[in-house]
Amino acid sequence: MQNLFYILSGLTIFAAIMVIISKHPIRSILFLVFTFFLISAHYVLLNAQFLALVNVVVYAGAIMVLFLFVVMFLNLNQDIERFKSWIPLSAAAISGACLFLVFFSAFRTSVLASHENTGGYQQGLVENLGEVLYRDYLFPMEICSILFLVAMIGVVLLGRKERVEPIKNLVP
Amino acid sequence: MMLALIILTLAGLLILFLGFSKIRNVLLPVAIVALVAAIFSLTTQQTFWNQYLTDMVQIDGISRKISLIIMYTALGLLPFFNLFKGRGQEELSDFLGIYLFAIIGSILMVSALNYMSLFLGVEILSISMYVLAGANRRSVHSNEASLKYFITGSFTSAIMLFGIAWIYVESASLSMVQLSGAATNMMSFGFLFLFTAFALKVALVPFHFWAPDVYQGTPTLFTASMATLVKIAAIGAFYRLVQLNYAVLPDWINWYFVLLILATLILGNIQAVSQNSVKRLFAYSGIVQSGFILMGFLYQSEFVDWTMLFYFIAYASASLVGFIVIHFVETQSGSDNLDSFVGLSKSNPGLALVLTISLISLAGGPLTAGFMAKIFMLSQSIQNNFTALALVAVISAVISMYYYYKVINAIYSKSADASWSVPFYYKGLLYVFTVITLIAGLVPSFLIGLIK
Amino acid sequence: MNTIPELIRTVPLQHYLVLSTCLFFIGMIGVLVRRNIIIVFMCIEIMLNAVNLLMVSVSAYRGEASGQIMVLFIMAVAAAEVSVGLAIIVMMYKNLKTTNIDLFNQLKG
Amino acid sequence: MDATLILHLILWPPLIGFLINGLFGNSIPKWAVSIIACLGPLTSFTGTVLAYKFLSGPAHDIPLYTWFIVEGSAKINFGFYIDHLAIIMLFVVTGVGSLIHAYSTGYMHDDKGYSRFMAYMNLFLFSMLLLVLGSNLVVLFAGWEGVGLCSFLLIGFWFENKEYNKAAAKAFIMNRIGDLGFLVAIFLIINKFGGIEFTSIHETLMEEGQLNDPQIALICLMLFLGVCGKSAQIPLFTWLPDAMAGPTPVSALIHAATMVTAGIYLIARMYFLFDYSPLSLNVIAITGCITALIAATIALKQNDIKKILAYSTVSQLGYMAVALGVGSYISAVFHLMTHAFFKALLFLGAGSVIHGLHGEQDISKMGGLKSKMKWTYAVMLIGTLAIVGCPPFAGFFSKDEILASVYSKNFWYFLVLAFASVFTAWYMFRLLFATFHGQFRGSEVKFEKVHESSYSMVIPLIVLALFSMFGGFAGLPELTGGEHNLYKFLVQTIAQTRFKVSHLFEYSLWGITIVALISIAYLTYRKYATSSKVVFESGNSLVSKIILNKFYLDELYLILFVNPLKKTGSWIINQFEYGVIDRLIRIPDTLIESSSIALKNLQSGKLSWYLLSTAVSILLIVLVFIYR
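Residue numbers (our numbering), protein chains in the order written: chain S, 44 to 215; chain X, 635 to 1086; chain W, 857 to 965; chain U, 10 to 637.
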């Protein structure tokens, strides 16, 4: 069973790296979908079945389709990125890698706080989560509706065709 | 608290529906009435339905005061939405709806007790602002502002979540108050990332790069809300976060803030000096002012809330006036460059007067709110033995006068422009803000009494 | 299904933490390296997913449900953010006909 | 009478005038603007007279209300303080202020921005009153900044954007450097004394003050930095001549009589503090000496009538600084008072000349105006006699007192000041003779158009002339057997012992003064009034001219003394002022500007760079704080 975890992890990291190094946008997106599936698989291993499902539906299903749609819509599949200068590029990569190394070394040397497993291993099942969600986290749940409302209006507002000329003052 | 949120949500929905109707001139009154009602319910501490809050948010002393300041600021800006009338009923209703929801987001931010509601509040506010920044769809500048804001904002969210996640790893709880004992190494990392995310939101140097660009590109009235509402909410939430976790924070946290403050005061000021766009100048000014406000985060023995609240009021009243005047000048001349302000004292003396007073207040000129606010901050930090920091702050305040006076200089330079005017009700509102600035400068004890 | 929780006991929590941290910084490097706005945005999604994995693993190991609820909300927020973000990108593309983030540099100085 | 009532009577009328004229100035007729504008200062003056008459006792502390409380220590009142020093200053400010307001109604009457001008003047007066009356440093600072702002607005009143920017920026930077010192001093004082009320500082000092306490010395030096900015001492003096770009009444009121003396007032007000720091007093005295001498030398070479007066102002301020530096505070205040009279008079007279010549300011293009402008000539003559220290005019007594007191403390300071007063006499007589005597050197057509100014301008001139003539009698020296009333009055506030000099010295001082004045007057008269072709210093011709001149003995004096110094003067202008001081002053300015431009490139507008810098900053912060 342990090997399953390591294989999955290796694949996840590989897919994620491929996302950032493939030059073709469509390929990046497909690798991203792959990454999401792998992460879902991790969720299954962690017994978080509900989230595994949601992850597939929301991320791999909805969000990635949106991405793919936009790329196709804007006809970007030809738009292969050219790396002009290596200096900022390597600076970026090095600084990111440095952050990871620093973090990792700090992690290695420090002892995690030990917490007992109090709630058992069935927390990720839908009945447990539902109970907690609607009992303790009712309020954020409601607030989420406002979030979606804002996003919805926002998209409508931004996507709307300009019916009237923008008034003069708004043009900087 | 719950009541206020419900009022604002319902009003937002109502406005969205009214946007489709043919009834004219009703959107703004609805928004204003709803906001006033929400303020009222918050002031009188109504407790209806508060049991549904379930420890996610809590409206205690400081968060109530910051929420009220935010709501009053929003109320002050609301009437100016009337200027968007030309863009049609639907558009106006969208703007107002989003604006009201943004207020909800900021109230959640400053009163959160749980990282979940903190995060949701931050996101509601941010998403609203991304949209408002891009409200001027045709303008490339507005698009760019929106895009930059959005990318930096979601990057910030990721960093913030990473921080929260590590705090969760160590404490196994998302509550902001249940921590005890000193922070472990990894938890310090978590806090560092979380605080850095807030520094990004507040736009403190060196995390400030996005702010001037975004402020400049955004339609000016929304920039005004970005500079006041969002900034106060972000600093307020930041402050509460620090205050709640004070016991567990590592000992170097003061120096973290000192570093941010020093960078902000020095670099922010220097960058502001050579600005030609007044809107950008105000953006930098906002950055520098938040450096000053951050001095309230430094503590030795106990937190002194009122100095920061006072600073909020001083800053909000002055910078609202500034941005609104910029809006009018921009409308008139088509640009926000310093040249557009030349001869404003001739062409529109009223606006020139209020802008001058607000600039003096931002610069920390005596007899205005800004002076008092700065004095309080400085004396507080001197008392906490950050004397060298206070000295740098004084020097930076003196440098800052240079660019504020540059604008004043332009306003009072002679030029033979034709005069123009703005409707009296807008002017009246501007006078009200100015009077607040002056009262806070002349009788600060009155205002401090209110705050306390 | 009962065999799956066994895994949690055989793999140390630390390994999950390292995996998700690694993913997070891969995402961050992607954000810093790439110039195509859509891919930058996708990299931010990788970062969010890394955080999700972190929280879910801790939640599962500690038997504490709030982490998974948080992940649910993060997904919700991500969905909202993606919709708004793509709308902004489309709007931008209509005006400028490019997706290279470095070409959006009219505001500066 | 109630002190609070009198305070309100003094303080608020100018503000009310400002508000009325500022808000409705464009919609009310001009005569109404004039009346409102003049009524403010006049009421304040009346209040001052009442205060003088009816307020008894040493001082009245009037805390209107608690302004704010600095947590833990200081309580700061929006409070005012009327004592003898304040009353003297009030007389100067409101008295001279009223006259100049009246003068302005004539001088500025045809200007487009008349009501705006009068409103600014009123605002200035209000700020000045705030400065004079404040019972603590913060209120004083409020006034200090207020007068600065008004000066700034009024310098640029007439000028197009660019030119004005330069002068204003210069004034601005120098004043800002000064203000920085002032602010730091305020914070240090709060820190050290736990309060900033003058009375409380005084009391604390009396209890636990130590002579030569380094902290006190630092505070004093910081305060003096502020004084340097406002009162135009070296090295921060060059803004003042540039400030002459403003209308003449502004120069008279702000840049001669009142605002620039605020620094002197501040030191006199805080004298108890300075008494504890002999080091800073010495610094003040030396700075004052250098200022007085250099400004006077520069004035020798100027041709612009207002610039001469401006440098003269700087030089006189140097005198006052020296007096303060030797601890003779009352003499400084005395000279401040008489200087306000005669310098305002001179400026207004110059304004009258400029007005009569339709804007000409160059004295090499004047001459012979005596016949056309009798009143102006008369008052200018009086002003000149006053400033050069001719007995029994006002300047004589105050200057004599300063010289005597300085002599009693330090001979070298005295020597420098004596030289400076020789120069003063030279450039003032030169100004007078070149303007009013000899032949008119402008075009003839213009001479026909020269006219005497209107009564609204002449009457204030005459009043000021009377003050310049008799103002000195407020402080008769011991030698005349008269009473030094000013000393008696002020000593109730400023506890200062009277200096002692021998009668022989006083007599010889007077004698030398009179002889020197007569000879200088004669020389300058020969040079600038009688010769048909007056040569103004512009080239080498001066040297040959002197050699050809037949008064060899006097010329010897000229060659030996005045001429080298004149050369030094021009050298100072060219090399020192523009070359060194200006550059020195501009260092912080250019530093900030250039680094700002450098940072502009950092703000490249590229999102990828912003994100990268964010990441790098996070990395650095992590490195710094986790791996300290």
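Keep in mind the hints are simulated off the structure, nothing from the lab.
It should be emphasised that the depicted structure is a prediction, and the values quoted were computed from it without experimental measurement.
Wrong hints could be hidden among the right ones.
Reference excerpt, derived from the structure (chain U facing chain W, CB under 7 Å, subset only) [to be verified]:
| id | residue |
| --- | --- |
| 1 | K374 |
| 2 | I601 |
| 3 | S605 |
| 4 | S613 |
| 5 | G614 |
| 6 | K615 |
| 7 | L616 |
| 8 | L621 |
| 9 | A624 |
| 10 | S626 |
Yeah, the Cβ is synthetic: ideal placement off N, Cα and C, and Gly gets one too.
Hints and how they fare:
1. About 47 Å separates the beta-carbon of K374(U) from the nearest beta-carbon of chain W, more than 7 Å, and the hint is not met.
2. The closest approach between the C-beta of I601(U) and any C-beta of chain W is roughly 16 Å, which is over the 7 Å cut-off, so the hint fails.
3. The interface hint given for S605(U) is broken, as the beta carbon of that residue sits about 10 Å from the closest beta carbon of chain W, more than 7 Å.
4. Of the supplied interface hints, the one on S613(U) holds, with its beta-carbon coming within about 6 Å of a beta-carbon of chain W, less than 7 Å.
5. Hint status for G614(U): holds, given a least beta-carbon distance of 3 Å to chain W, under 7 Å.
6. Interface restraint check for K615(U): the shortest CB-CB distance to chain W comes to about 5 Å, inside 7 Å, so the restraint holds.
7. Given the 7 Å rule on beta carbons, the hint for L616(U) holds: about 4 Å separates it from the nearest Cβ of chain W.
8. For L621(U), the suggested interface contact is upheld, since its CB lies about 5 Å from the closest CB of chain W, less than 7 Å.
9. Interface restraint check: A624(U) against chain W, minimum CB-CB distance 6 Å, threshold 7 Å, status holds.
10. About 13 Å separates the beta-carbon of S626(U) from the nearest beta-carbon of chain W, more than 7 Å, and the hint is not met.
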